[in-house]
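**Student:** Protein chains in written order, with my numbering: chain A, 1 to 575; chain B, 1 to 177.
Note that these hints are calculated values from the structure, not bench results.
By construction, the Cβ of each residue, glycine as well, lies at the ideal position given by its N, Cα and C atoms.
Don't take every hint at face value.
[Unchecked claim] Computed list of lysine to aspartate or glutamate pairs in DMTMM-like fashion (alpha-carbon distance at most 20 Å, straight line):
no.	chain 1	residue 1	chain 2	residue 2
1	A	227	B	5
2	A	338	A	537
3	A	530	B	5
[What the hints assert, rightly or not] Looking from chain B toward chain A, a few residues come up when the C-beta cut is under 10 Å (computed):
no.	residue
4	1
5	68
6	134
7	145
8	160
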Amino acid sequence: MASLAPTTAWTKGAKDDYRDCPVTTLKVDMHTERLIIANAVMAVVCLSLGGIAALLIALTRWQAIHLLPAAWFYRLLTLHGIDMLIAWIVFFEMAGLHFGSTILLNARHAAPKLAWVGFGMMTVGGLMANAVVLIDPNSNVMFSAYVPLKAHPLFYLSYILFAVGALLTVITFFINIVVAKREERFSGSLPLVVFGLMTAAILATYTLLEGAAAIVPAFFWSLGILKNYDPGIYRNFFWGFGHPAQQVNLAAMVSIWYALAQMTVGIRPVNEKFSRLAFILYLFFINLGSAHHLLVDPGLSFAWKAVNTSYAMYLAVLGSMMHAFSIPAALEIALRAKGYKKGLFGWLRNAPWAEPGFSSLVLSMFLFGWIGGVTGVTIGTEQINMLVHNTLRLPGHFHATVVSGTTLAFMGFTYYVIPLIFRKELKLKSWAKWQPYVFGFGMLLTSLGMIVSGLQGVARRNWDITFAGVVPGTVEISLAVFGIGALLAVTGGIMYVTIVLTSILTGPRLEASNLLLLTGTHNPIIDSTKLTDHQMEDKQNQPKGALVLVFAFLVWFAIYYFTNWWLLGRTWFIR
Amino acid sequence: MLAPEKNWWKPMGRMEKSWLTVAFVWCVFLTVMMPLWYFYGKQNVPTETYRTSTENYGAKVNAFVEQYTVGKDEASGFPIVAAPPGSDVYIRASTWQWYPILQLEKGQEYRLHISSMDLQHGFSLQPVNINLQVIPGYDYVATITPTSSGEFTIVCNEYCFVGHHTMVGKVIVTEEK
Numbered sequence: 001m002a003s004l005a006p007t008t009a010w011t012k013g014a015k016d017d018y019r020d021c022p023v024t025t026l027k028v029d030m031h032t033e034r035l036i037i038a039n040a041v042m043a044v045v046c047l048s049l050g051g052i053a054a055l056l057i058a059l060t061r062w063q064a065i066h067l068l069p070a071a072w073f074y075r076l077l078t079l080h081g082i083d084m085l086i087a088w089i090v091f092f093e094m095a096g097l098h099f100g101s102t103i104l105l106n107a108r109h110a111a112p113k114l115a116w117v118g119f120g121m122m123t124v125g126g127l128m129a130n131a132v133v134l135i136d137p138n139s140n141v142m143f144s145a146y147v148p149l150k151a152h153p154l155f156y157l158s159y160i161l162f163a164v165g166a167l168l169t170v171i172t173f174f175i176n177i178v179v180a181k182r183e184e185r186f187s188g189s190l191p192l193v194v195f196g197l198m199t200a201a202i203l204a205t206y207t208l209l210e211g212a213a214a215i216v217p218a219f220f221w222s223l224g225i226l227k228n229y230d231p232g233i234y235r236n237f238f239w240g241f242g243h244p245a246q247q248v249n250l251a252a253m254v255s256i257w258y259a260l261a262q263m264t265v266g267i268r269p270v271n272e273k274f275s276r277l278a279f280i281l282y283l284f285f286i287n288l289g290s291a292h293h294l295l296v297d298p299g300l301s302f303a304w305k306a307v308n309t310s311y312a313m314y315l316a317v318l319g320s321m322m323h324a325f326s327i328p329a330a331l332e333i334a335l336r337a338k339g340y341k342k343g344l345f346g347w348l349r350n351a352p353w354a355e356p357g358f359s360s361l362v363l364s365m366f367l368f369g370w371i372g373g374v375t376g377v378t379i380g381t382e383q384i385n386m387l388v389h390n391t392l393r394l395p396g397h398f399h400a401t402v403v404s405g406t407t408l409a410f411m412g413f414t415y416y417v418i419p420l421i422f423r424k425e426l427k428l429k430s431w432a433k434w435q436p437y438v439f440g441f442g443m444l445l446t447s448l449g450m451i452v453s454g455l456q457g458v459a460r461r462n463w464d465i466t467f468a469g470v471v472p473g474t475v476e477i478s479l480a481v482f483g484i485g486a487l488l489a490v491t492g493g494i495m496y497v498t499i500v501l502t503s504i505l506t507g508p509r510l511e512a513s514n515l516l517l518l519t520g521t522h523n524p525i526i527d528s529t530k531l532t533d534h535q536m537e538d539k540q541n542q543p544k545g546a547l548v549l550v551f552a553f554l555v556w557f558a559i560y561y562f563t564n565w566w567l568l569g570r571t572w573f574i575r
Numbered sequence: 001m002l003a004p005e006k007n008w009w010k011p012m013g014r015m016e017k018s019w020l021t022v023a024f025v026w027c028v029f030l031t032v033m034m035p036l037w038y039f040y041g042k043q044n045v046p047t048e049t050y051r052t053s054t055e056n057y058g059a060k061v062n063a064f065v066e067q068y069t070v071g072k073d074e075a076s077g078f079p080i081v082a083a084p085p086g087s088d089v090y091i092r093a094s095t096w097q098w099y100p101i102l103q104l105e106k107g108q109e110y111r112l113h114i115s116s117m118d119l120q121h122g123f124s125l126q127p128v129n130i131n132l133q134v135i136p137g138y139d140y141v142a143t144i145t146p147t148s149s150g151e152f153t154i155v156c157n158e159y160c161f162v163g164h165h166t167m168v169g170k171v172i173v174t175e176e177k
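Could you put the whole structure together from the sequences, leaning on the hints where they help?
**Tutor:** Printed below as a string of structure tokens:
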């Protein structure tokens with residue numbers, strides 16, 4: 001039987017350093033609380049900066065509006081990539097690591113000073129990157145900064161500062177867990193959410209080291225100390241950082257999924273072994289995916305590309321497909337156990353759709369899998385990549401994963417962080433109810449618009465495609481869909497930032513009294529401990545609906561995959 | 001979020017097992033598709049690559065243009081170059097142009113060399129939609145056979161600084177003789 005964190009006594013002399021959470025009964029270390037608040041605030045600041053850039057660049061690519069001049073478009077696109085893909089997500093993840101390594105383990109923060117140094121370096125690095133790109137006319141080199149396109153040395157330095165800061169924070173995560181184990185704050189295995197975060201932290205360690213291997217030489221090269229820097233080698237190292245960084249996001253997002261499912265529905269993992277094995281598959285195989293970016297590069301063999309792009313037989317994809325069943329199945333069992341047993345999907349109809357944590361969980365899972373995952377595996381297929389490389393279909397894919405998936409899940413989670421960690425009442429609750437839908441639907445249109453435009457050959461990172469002179473008129477339509485989607489998503493983003501700011505800046509400090517925000521006064525985390533083995537195994541509670549959903553997913557996957565082979569077969573012969 | 005029960009290493013249920021099996025078979029299938037297409041498909045990613053330098057590659061392009069020029073494009077002033085089928089043809093990428101304009105014959109095979117003189121560029125042939133990465137110092141050889149005729153555009157789809165979107169080239173494919 002699962003239980004809340006065990007009740008080991010807190011160390012002597014540390015009395016004032018923690019508080020008891022009245023809702024979850026967990027102990028909250030005060031260092032952790034302040035670190036989470038600081039990281040979350042910086043995350044939202046970076047999200048806002050990146051969001052302003054998003055609005056302006058989307059209105060430029062929407063060909064009918066074409067707002068910005070070329071130089072500003074490229075400048076803001078560089079900024080958008082850095083603020084969203086790195087700063088917002090990594091700051092949020094660092095908050096998550098502090099949370100997972102202390103509060104969920106009933107433990108203290110063992111290295112707060114190191115964590116603050118890390119946070120300081122990340123903040124300086126993140127803000128410096130923004131400043132350099134905005135001020136220096138030569139630093140609009142995009143997030144990927146491909147050598148030999150040369151930015152200002154401070155541009156590379158800001159990357160290095162940010163990455164070292166993140167690495168220090170990751171190190172505190174491991175320190176905390178080791179100390180917690182030594183001080184016997186918890187017994188037995190790590191909770192599943194912490195296990196997932198641990199996967200993310202291990203991935204982050206070597207991701208950041210590979211980033212150093214790419215960016216440190218680039219820094220010396222920009223100073224003129226290093227004369228030659230082979231662009232092919234740079235690409236190899238850069239994507240050894242750039243792609244696994246997204247897998248860190250993936251592992252962190254899946255951990256948040258499990259957390260949201262428990263906090264809003266009160267799930268109990270169907271089979272701990274199954275879920276943990278899926279994380280282990282990420283750990284071993286997902287880093288190979290960096291080859292996705294080098295599939296049409298010169299100088300690499302067929303076999304090298306095929307083995308790496310397939311994650312050595314798609315074993316990391318298998319991990320995601322396991323979670324894709326495991327989480328809906330756990331939701332279904334928990335809801336059926338509450339009495340919603342009717343038909344295949346009666347449980348789904350009676351789910352708490354008004355609870356922002358639940359709606360963002362479901363939308364995040366759906367958009368991540370059905371749009372992001374399917375397109376990702378397909379365009380990561382070696383030969384099919386020839387149709388896709390550097391077209392708008394690519395950002396179409398990763399906006400479905402990193403934005404519709406990770407960002408949406410993190411947004412949903414924030415609404416619970418505000419009462420539980422910031423200890424402020426969540427304001428604008430009715431906005432919070434709708435925000436995941438507005439943002440999710442906006443991102444769906446954004447991704448689809450990009451994907452369909454890219455299918456017609458529209459290039460990414462391109463200010464004005466009309467120069468190409470070949471794009472059919474239908475592109476105007478798909479780019480308009482993309483533009484409208486982006487407007488909706490930005491609206492969702494503004495709603496999110498407004499809710500967060502209003503809640504944390506107004507009103508007195510208030511201890512949380514309830515876990516759920518909108519759908520009741522019961523506590524799903526406590527409920528989840530009451531799910532008995534008998535209920536989990538009851539015939540009437542079996543997740544038939546979830547199984548149907550994953551098989552439907554597989555059918556859609558196959559359709560999209562084979563359509564792409566068919567498209568490839570119609571193009572010129574090439575070898 | 002909570003600590004698991006003491007012994008969580010339990011056998012998987014029937015549903016987990018069946019989904020795991022199906023998903024695994026699908027993954028194996030996805031893997032096998034690539035080598036299958038490698039041996040039986042007509043569209044594979046080129047692998048032939050040579051080390052080169054900008055001087056060396058530039059000289060090759062010039063010699064190629066000198067030998068096979070058949071005309072001049074009015075709009076760009078670039079030479080139109082037609083080499084016999086089966087031969088080596090060259091394209092040079094630089095900020096912000098594709099040089100020269102190739103004239104190919106439908107249904108014939110050519111060895112297309114691509115390299116860059118400065119930054120990284122992206123070779124994107126439209127509306128055929130074939131996309132390859134162009135990296136300075138690497139002479140990338142794609143053995144291609146046009147299966148359609150007409151005028152095609154080469155768009156640069158790797159960001160190469162502020163004039164990036166103006167980097168557009170042309171390929172002409174004539175009907176089979």
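**Student:** May I ask which of the numbered hints given earlier this structure violates, with the numbers listed in increasing order?
**Tutor:** Violated hints (numbers, rising): 1, 5; every other hint is consistent with the structure.
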